[in-house]
Every structure is written in structure tokens, then in C-alpha cells.
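The chain contents come next:
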Amino acid sequence: MGVNETLANVSSDFMIAALLIYSLAVLAFAGDFAFGRPRRAAVAVKQQTRIAELASVGAGPAAGSAVSGGVPADGPRTTAPPPANVLPSRQASLSRAINDAGNWVRVAVALSVLGVTSHLIAVVTRGFAVHRAPWGNMYEFVTALTCVAGIFFVYVMLRYRAWSLGVFVMGAIVITLGLAETVIYTAAGPVVPALQSYWLSIHVTAMTLSTGIFFIAFVLGILYLTTDVYRARVAAGKAEPGNGLLERIPSAAQLDKLTYRTIIFGFPVWTFGVIAGAIWADEAWGHYWSWDPVETWAFITWVLYAAYLHARATGGWRGRRAHYIQIIGFASLAFNILVVQVFITGMHSYAGLG
Amino acid sequence: MTDVHAPASVNPGAPPQTPPEGGGSATPDSPRRPSGVPQQKNLPLWRWAWRQITSMRTALVLLFLLALGAIPGSIIPQTGNDPAQVQQYFISHPALAPWLSRFGLFDVYGSPWFAAIYLLLFISLVGCVVPRTFRLVGQSRTPPPKAPRFLGRLPHSATYVSPLPPQEAVAAAASVLGGHHFRLRTNVSTGTTPSSPPGKKADAGDKTFWLSAEKGYLREAGNLLFHLSLLGILICVAVGGLFGYKADKLLVEGQSYADTPSALDDFYPGRLATGSDLAPFDITLNNFTATYITSGQNAGQPAAYNANVTYTATSGGAAKTDDLQVNHPLNVDGVKVYLIGHGFAPVFSVTDAQGKVVYDQATPFIPADTSTMLSDGVVKAPNAAPEQLGFMGVFVPTAVEGSGGTLNSAFPAAENPAVSLIGYSGNLGMDSGLPQSVYQMDTTAMTKVAAQPHLMFPGQTWKLPNGLGSITFVGYKQWVSLTATYDPGQGPALAFAALALLGILVSFVVRRRRVFVRAVAADGNRGSILTVGGLARTDASGGFEEEFARLAAELAGTEPTNQSETGA
Chain W
1 MGVNETLANV SSDFMIAALL IYSLAVLAFA GDFAFGRPRR AAVAVKQQTR IAELASVGAG
61 PAAGSAVSGG VPADGPRTTA PPPANVLPSR QASLSRAIND AGNWVRVAVA LSVLGVTSHL
121 IAVVTRGFAV HRAPWGNMYE FVTALTCVAG IFFVYVMLRY RAWSLGVFVM GAIVITLGLA
181 ETVIYTAAGP VVPALQSYWL SIHVTAMTLS TGIFFIAFVL GILYLTTDVY RARVAAGKAE
241 PGNGLLERIP SAAQLDKLTY RTIIFGFPVW TFGVIAGAIW ADEAWGHYWS WDPVETWAFI
301 TWVLYAAYLH ARATGGWRGR RAHYIQIIGF ASLAFNILVV QVFITGMHSY AGLG
Chain X
1 MTDVHAPASV NPGAPPQTPP EGGGSATPDS PRRPSGVPQQ KNLPLWRWAW RQITSMRTAL
61 VLLFLLALGA IPGSIIPQTG NDPAQVQQYF ISHPALAPWL SRFGLFDVYG SPWFAAIYLL
121 LFISLVGCVV PRTFRLVGQS RTPPPKAPRF LGRLPHSATY VSPLPPQEAV AAAASVLGGH
181 HFRLRTNVST GTTPSSPPGK KADAGDKTFW LSAEKGYLRE AGNLLFHLSL LGILICVAVG
241 GLFGYKADKL LVEGQSYADT PSALDDFYPG RLATGSDLAP FDITLNNFTA TYITSGQNAG
301 QPAAYNANVT YTATSGGAAK TDDLQVNHPL NVDGVKVYLI GHGFAPVFSV TDAQGKVVYD
361 QATPFIPADT STMLSDGVVK APNAAPEQLG FMGVFVPTAV EGSGGTLNSA FPAAENPAVS
421 LIGYSGNLGM DSGLPQSVYQ MDTTAMTKVA AQPHLMFPGQ TWKLPNGLGS ITFVGYKQWV
481 SLTATYDPGQ GPALAFAALA LLGILVSFVV RRRRVFVRAV AADGNRGSIL TVGGLARTDA
541 SGGFEEEFAR LAAELAGTEP TNQSETGA
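First to last, the sequence lines map onto chains W and X. Read in order, the letters of the first sequence are residues 1 to 354 in my numbering. Read in order, the letters of the second sequence are residues 1 to 568 in my numbering.
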């Protein structure tokens with residue numbers, strides 16, 4: 001089957017558009033930090049309690065929705081902390097929260113959604129252009145995983161009102177996607193016989209998804225460490241409080257929770273991807289596990305994220321140490337993609353960068 | 001040395017009846033025992049060692065070692081994956097290689113130290129998981145703890161007013177929570193739910209009525225299923241390593257082989273497998289075709305490989321044909337046969353000085369560059385007289401002149417095949433007793449017959465100087481390398497992998513939570529005030545507050561229905 005050149009061109013155009021829109025979104029997020037109206041002192045606290053929804057202490061929004069669910073006047077009166085900031089139901093509060101956040105955020109969120117849409121169109125049309133799952137080489141893999149990261153982040157951002165993370169996460173996506181476009185761009189084409197299998201759309205899809213999700217966790221981990229170190233320095237009197245940038249992003253505890261949730265979402269997907277890869281390996285190479293370098297590094301990554309999950313349940317390993325582990329875990333993942341698959345010869349040498 | 005720090009607010013010695021979220025050594029998320037609390041000072045050494053090895057900290061360290069130990073195998077060539085590269089490594093690093101070999105670094109995943117890491121890890125896992133399994137079974141038989149006195153202090157709480165008297169209000173709440181499959185304990189006799197021991201009933205009149213409900217035991221069950229399944233996978237891998245085998249065979253078009261150890265190029269039996277375990281099939285390679293993309297940016301990239309084979313499952317059985325392709329193995333006699341590699345086998349005919357044909361066959365050449373299929377190989381004619389003849393050759397499917405006049409290949413398909421040969425005469429050294437590879441030639445006792453390599457196209461003959469003989473490049477065939485594998489452990493391994501995935505999903509999705517209800521009589525004659533408290537023991541994934549709010553609303557909202565029932 002040949003390549004549908006028209007669709008391939010449509011895909012390329014949308015990919016470039018996505019990159020441009022993302023860049024503008026990053027500018028808008030940055031603009032919010034620089035010029036956003038000084039609403040923070042009061043609003044930031046409130047905003048953080050909204051994010052604190054994930055800290056599972058505030059029964060606020062849920063109780064709110066319960067009330068709107070038609071409970072009579074003698075319905076439950078919650079005494080849950082924090083009693084202040086009882087929020088209206090989530091649906092109502094999302095649009096209000098975006099309004100509250102100011103023009104810069106409004107523009108940035110709109111651009112993010114637009115960019116992700118364009119990105120998704122680019123990935124999907126590429127798939128139709130080449131009649132297969134659009135992640136058959138390194139370039140396609142990176143564009144797809146950044147798309148997953150983008151979608152996942154937009155969801156997280158809207159769900160937890162985490163606008164303040166936009167500049168960091170979207171920034172990381174822009175850099176990754178930009179490097180993919182400039183350094184490893186590969187024209188649309190068919191794949192080698194080894195990849196001509198429906199397992200491509202199962203195994204690599206799972207790997208793409210989980211990589212995108214771990215990517216978010218990685219950025220959150222970096223933010224966590226930055227915030228945690230900064231707040232510790234402030235507490236120790238070594239740094240001046242009032243660092244505008246760090247004061248605005250969610251607290252270390254909230255970032256910690258969010259990271260954990262992201263990873264327990266990504267971990268089963270990664271596990272599934274490795275299992276699917278083993279089934280495919282058995283189908284293609286005759287053995288489900290042969291310690292091919294890429295398999296080995298996927299295993300190392302799995303072990304490191306497993307170590308993160310155990311560390312979180314071990315005294316003395318929570319917090320910073322656990323984050324170091326997951327950051328090393330993502331580093332091993334990135335090493336696998338960028339070094340092992342490109343430079344070390346093995347059965348997974350499909351990067352198409354030769 | 002404490003692995004699970006109990007928070008300062010909780011006395012670690014007291015049974016944590018209502019531990020705060022995430023705290024306490026008994027919560028399912030931090031299940032490993034503290035390894036060094038004071039009263040264990042006088043433990044015997046083996047108990048102490050066992051506690052150390054089953055502690056979470058040890059597990060964590062072993063996980064790191066496992067990750068770290070796996071790294072060298074991805075960087076240093078491994079005998080299991082590429083023995084030729086290991087040989088090459090010994091040649092290019094003569095000083096270093098023996099040392100690496102001594103530490104098992106050419107076979108990391110079969111080395112004793114790697115085995116030590118994962119076996120310790122699994123011992124640690126068993127030591128942790130087995131007691132937890134018993135604990136879970138015990139927990140599932142004991143009712144939840146009594147409701148704490150001050151429910152308002154729990155992470156989630158709500159109050160509502162019920163028109164029912166306290167006892168009935170609690171009974172109604174019990175039926176609601178029972179309907180949500182909570183395990184219940186109460187000091188109210190409800191008739192449908194298990195009540196606490198009869199002694200409690202006696203003082204029920206002058207006290208408040210309470211209800212404890214717990215749910216989410218599946219979380220720990222999923223966690224245990226995950227870990228036990230990992231153990232199952234390890235056992236399956238071991239079974240495959242003991243009873244399975246791998247058999248390699250290179251076949252040139254027209255050749256066949258029977259699946260016996262002597263016919264195979266390489267046979268890697270498991271420790272408890274022998275040649276008699278081989279399936280009795282035989283396979284003939286009729287022809288092989290490789291198609292490539294011929295134009296555009298991806299020109300030269302393979303598009304499809306197809307090996308047409310005829311096989312019989314048992315000797316004397318019916319012959320069947322099959323198109324063997326990558327990703328489409330041939331299933332025969334419970335064994336899978338895979339198309340692993342392919343290459344060219346130029347056909348040579350060699351006559352010696354006396355005019356006798358001493359060599360006439362297709363000679364598999366090994367691709368040196370899979371993108372152009374430039375391949376190399378050797379032709380050895382030990383029967384040539386008076387001197388043995390040997391040739392080192394390069395085969396190119398599409399000959400072009402490379403830079404500096406070297407022979408190169410422009411395309412992986414045979415569009416303009418050519419060979420370039422360097423001829424040798426002398427002693428091939430094949431009588432020394434040492435086995436020689438058919439792909440290599442020992443030229444130490446040989447001399448070149450010509451200074452320059454000789455370029456030949458199909459049908460051409462090279463008359464060797466000094467009347468040593470001649471060699472004809474007759475044409476070429478293609479070869480495939482096939483691998484037959486048998487692994488009795490792989491089916492069960494897949495089943496355990498699926499169970500592990502199921503287990504981890506369950507343990508991530510389900511949360512262990514308790515809901516408590518206390519009722520006191522309202523100031524008026526009828527009616528009562530109820531306090532509901534909620535506690536998620538493992539709510540790292542969040543979301544309990546929403547469930548709690550729903551339950552609280554339902555408890556408050558379903559009162560009227562129950563009232564009408566009791567009134568009727």
C-alpha cells in the first residue's frame with residue numbers, strides 16, 4: 001500500500017500549526033506570570049484549595065454537588081475541613097475559574113486546546129496517509145507521545161485548575177515536538193516487514209500512551225523538587241519568600257499527589273505495553289523475552305517506577321527521594337528512546353534515523 | 001531502622017483502631033513490618049535476618065540493584081543474543097574481555113550474581129506477601145472496628161437529622177450501607193445484618209447507637225495477586241528454561257532439513273531437554289522472495305519477505321506448503337518455526353590443478369550491511385590438489401563502483417549481482433582437529449594467488465594463475481535462517497502476566513474505606529441526630545470524598561422510605 005501524499009501533507013501542515021499554537025500558548029502562560037492581574041494573593045489560596053481536591057481532604061466540591069443533587073433541607077451538613085471555600089459544583093466552577101484566572105490564562109487555555117486539537121488531527125491524518133498506526137518510527141513516536149502528553153495535560157489542567165503548570169508542561173512539549181520536527185523528521189512511508197503487524201497498534205500504542213503520561217509525571221516531579229527545595233530554603237531562612245513564580249504553582253504536597261496519580265495511571269499502561277511487546281516478540285522472533293537492549297531498558301524503567309511506588313509506602317523514602325526515583329525512571333525511558341533505540345543495535349532498531 | 005514510620009500522633013504500640021489516613025504500620029499500602037522496633041532486640045539472628053530481608057527497604061534496594069544489574073547486558077554483547085559479537089569483543093579487547101567474562105558480563109541474565117539479586121527479591125517478596133495473605137484472610141473474617149466516639153474528627157464527616165429514633169435510624173443506615181456491600185458491625189439488632197456480640201446489647205439502652213462499615217478488601221487482594229503473579233511468571237520462565245529449546249537452521253533454496261540435532265546448525269536445549277524432545281517435522285525451502293521499495297525517499301527499505309516452504313509434520317506424513325513470513329510463524333507439532341534472517345548464497349564451482357571439480361555448491365554469505373545486502377563469505381576447497389584452495393569473497397546484489405574503486409552495493413535486491421574474490425592456495429588448516437566455522441578461513445598457512453581481488457559476474461570463470469585451477473561464479477540462490485522454538489512455560493507466563501495486570505489495576509482502583517454512623521436522640525421526643533464519619537485508609541488515588549458525600553446524601557435522603565416501611 002502506498003502513501004496518500006495529500007493526507008501526508010495535511011498531516012505535516014497540522015503538525016507545524018500545532019507547534020506554532022503551542023508556542024503561542026506557552027507565551028500566553030508566561031504572559032500570565034509576567035503581566036497577569038495581581039489577583040493572586042487572595043485567589044491563589046482559593047485556587048490551591050481547588051487543587052487540594054486531589055489532596056482528598058476537602059469534601060467541598062463533592063458536598064456541593066450532593067446538595068445540588070436534590071437533597072432536602074435537612075440534608076447532610078458537612079463539617080469537613082476546610083469549611084470555608086465551599087465550592088459550587090465542578091461544571092459551574094470550571095468556566096468561572098477560567099474567568100477568574102484572567103485574560104492571559106483564558107487565551108492560553110484556548111490556545112492549548114486548539115493546539116492539542118491540531119496535533120491530534122496531524123497524528124490521525126498521518127495514520128490514514130500511511131494506512132497503519134502512526135507510530136512506526138522515532139519521529140512518529142515522538143509526535144504521538146507529545147500528543148498524548150498534551151491531551152493528558154489539558155485534562156489535568158482543566159480538572160485541577162492547574163493553569164500555573166501550563167508554562168512548564170507546554171514548554172516541555174514545545175521543545176520535544178520542535179526537536180522532533182527539526183532533528184528527526186521522517187517523511188511518511190511504509191514500515192519494514194517486522195513492523196507489519198497489528199501488534200504495532202497495540203504494543204506501541206500502549207508505550208506511546210504511557211510515555212506521554214510519564215512525561216507529565218516527570219515535569220511535575222521537577223516542579224515538585226524545585227518547589228520543595230525553595231520552600232525548605234525559605235523555611236531555613238536561606239531564601240527570600242515571595243518568589244512570584246514558585247508561589248503561584250501548587251504546593252509541593254499537591255504536586256506530589258498529582259504525580260502519584262499520574263504514575264499509577266501510567267504504570268499499568270506501561271505494564272500492559274511490555275506484556276503486549278512480549279507477545280509480539282514471541283510472534284515475530286520466537287521468544288517472548290530475549291533481553292534485547294530495548295526490552296532490557298523497558299524492564300529497567302518498569303522496575304524503577306515499581307521502586308517509586310514502593311518508596312512512597314516506605315518511611316524515609318516519601319517525598320523528595322521518591323521523586324528522584326521517578327525522575328530516574330523517566331530518564332531511563334528517555335535513554336531507551338534517544339540512545340538505545342538509535343545507537344545500540346538490537347532487534348528493535350526501527351528508529352529510521354539511519 | 002524503622003521502615004514504616006507511624007506518625008507521631010499515633011502510638012505505634014496501640015492497635016490502630018482508626019488510624020489516620022496513610023498512617024499506622026497496618027495499613028495495606030505500607031504493609032511491611034517495621035524491622036527494628038525496640039521489643040525485637042532479643043530476636044535470634046535468623047529472625048532478625050528474615051525481618052531484614054522481608055523489609056520494604058531491602059525490597060527497595062533489591063529493586064535498584066535489579067535495575068542497575070540489568071544495564072551491562074544492554075551495552076556489552078551477550079552470548080545469548082549475538083555470540084559472534086562476543087567473539088569480536090574478545091579480539092578487540094584482549095585484556096578486558098577475560099575479566100568481563102569472569103564476572104559473567106557476557107551472559108548477565110544467566111549469571112549467578114544477577115540470579116542472586118532476583119532470587120533475593122523474590123524471597124523478600126514471598127516473606128512479605130505470604131503473611132499478608134493470611135492477614136487478609138483473617139481480616140475478611142473479622143468485622144470492622146467499633147465506631148470511634150467523635151466522628152467529626154475523621155477526615156470526612158457529615159451530620160443529618162432523622163425523624164426516626166436512634167436505633168431505627170442506625171438500622172436504616174445499616175441497610176443502606178449493606179446494600180452497597182459494606183461489611184457491617186453495629187450494636188443495633190437489625191435482623192438482616194450481623195450484630196456485635198450479645199453482651200453489647202445490654203447497655204444499648206443508655207448509650208448511643210453506632211454502626212461501622214468497611215469496604216475495599218479487594219485492594220489488598222489485588223496487590224497480593226499482582227505480587228504472587230510475578231512469582232508465577234518467574235516459575236514459568238524457569239520451566240521454559242528447563243524444558244524448552246531453540247533450534248536454528250540456515251536453509252538455501254532447494255534444501256531441506258529434518259528436525260534432528262545432527263541436521264541443525266545450532267541447538268540450544270533447556271537444562272532438562274534433549275535432542276529426543278525435538279518435534280519430528282521436516283522442512284524444505286522452495287524459494288524466498290524479498291521485495292523492496294524501489295523509489296522515493298524510502299527506496300531500498302524492505303517491504304515484504306516471503307519464504308515458501310513445504311513441510312511434513314511427521315516423517316512420511318502429508319506434505320503441506322506454507323508462506324513463512326515475519327510475524328507469521330509456522331506452527332507445526334506444537335513448535336513454532338520463525339523466519340529470522342535471509343541472505344544470498346552465490347553458487348561456485350571450483351576445479352583444481354588436475355581439472356577435477358572439487359567444489360560445486362551454493363555458499364551462504366553473511367550480510368555485512370543489511371541495507372544494501374553487501375555480504376561476505378568464504379569458499380573452501382580442501383580436496384583441491386596439489387594444494388588446497390580457498391577464497392574470501394564479497395557478494396553484492398547490485399554492483400556499483402564505490403569511492404576509491406571499491407565494489408559496493410546500491411540496492412538490496414539482486415539487480416546486478418557480482419562477487420569479488422581473493423584467492424588463496426596452501427593449507428586450509430582443517431586437519432588440525434579444531435572445529436572451523438564455515439564462514440571463516442584461516443589463511444596463516446596460505447598465500448594469495450593474486451595481489452588484487454578478482455571481480456566476477458554470473459557465468460564468468462576465473463582461471464587462477466600458475467595453473468592452480470579455476471573458479472566459476474555460476475549464479476546465486478537465497479537462503480533463510482529459521483528458528484524453531486518450544487517453550488512450555490510461555491502460555492502460563494502470559495496467564496500470570498494478565499493476572500498481574502488485573503491485580504495492579506484492582507489495587508489502584510479500589511480503595512479501602514470505612515464509614516461510621518452514630519445516632520443520638522434529638523432534643524424532641526422523636527427523631528435523632530446522626531453523625532457520619534468516613535475514612536479512606538488508602539486513598540492515594542483520591543476520590544473518596546465524592547463517594548463519601550454521595551453516601552452521606554443517600555443516608556440522609558433515604559430516611560423517609562424506611563420510615564414509611566416501618567410505619568406500615
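Quick caveat, the hints were computed from the structure, so don't treat them as lab data. Among the clues, some could well be false.
Quick look at which bits of chain W chain X covers, simulated, 3 or more residues with Cβ under 8 Å [stated by the list, open to error]:
id : region
1  : 182 to 194
2  : 270 to 278
3  : 291 to 303
4  : 310 to 317
Partial pick of chain X residues on the chain W-facing surface, computed with a CB cut under 8 Å [to be verified]:
id : residue
5  : W50
6  : I53
7  : A70
8  : G73
9  : Q78
10 : Y109
11 : P329
12 : G334
13 : A497
14 : I504
15 : V520
With the Cβ distance kept under 7 Å, some of the chain W side facing chain X (calculated, not the full set) [stated by the list, open to error]:
id : residue
16 : T6
17 : A8
18 : S12
19 : Y198
20 : I264
21 : A281
22 : E283
23 : A307
Beta carbons are placed, not taken as given, at the ideal position from N, Cα and C, and that holds for glycine.
Against the structure, the hints come out as follows:
1. 182 to 194: holds (count 6)
2. 270 to 278: Coverage by chain X holds for the region 270 to 278 of chain W (4 residues, Cβ < 8 Å).
3. 291 to 303: holds (count 8)
4. 310 to 317: With 8 residues close enough to chain X, the hint holds.
5. W50: violated (18 Å)
6. I53: violated (15 Å)
7. A70: holds (5 Å)
8. G73: holds (6 Å)
9. Q78: holds (7 Å)
10. Y109: Check passed: Cβ of Y109 (chain X) comes within 5 Å of chain W, closer than 8 Å.
11. P329: It holds, given that the least Cβ distance between P329 (chain X) and chain W is near 7 Å, below 8 Å.
12. G334: Not OK, violated: G334 (chain X) not within 8 Å of chain W, min 14 Å.
13. A497: With Cβ-Cβ at 5 Å, under 8 Å, it holds.
14. I504: holds (5 Å)
15. V520: violated (15 Å)
16. T6: violated (15 Å)
17. A8: violated (11 Å)
18. S12: Result: violated, 13 Å to nearest chain X Cβ.
19. Y198: Not OK, violated: Y198 (chain W) not within 7 Å of chain X, min 9 Å.
20. I264: It holds, given that the least Cβ distance between I264 (chain W) and chain X is near 5 Å, below 7 Å.
21. A281: At about 11 Å, which exceeds the 7 Å cut-off, the nearest Cβ of chain X leaves the hint on A281 (chain W) violated.
22. E283: holds (6 Å)
23. A307: holds (4 Å)
Checked against the numbered hints given earlier, this structure breaks hints 5, 6, 12, 15, 16, 17, 18, 19 and 21; the rest are met.
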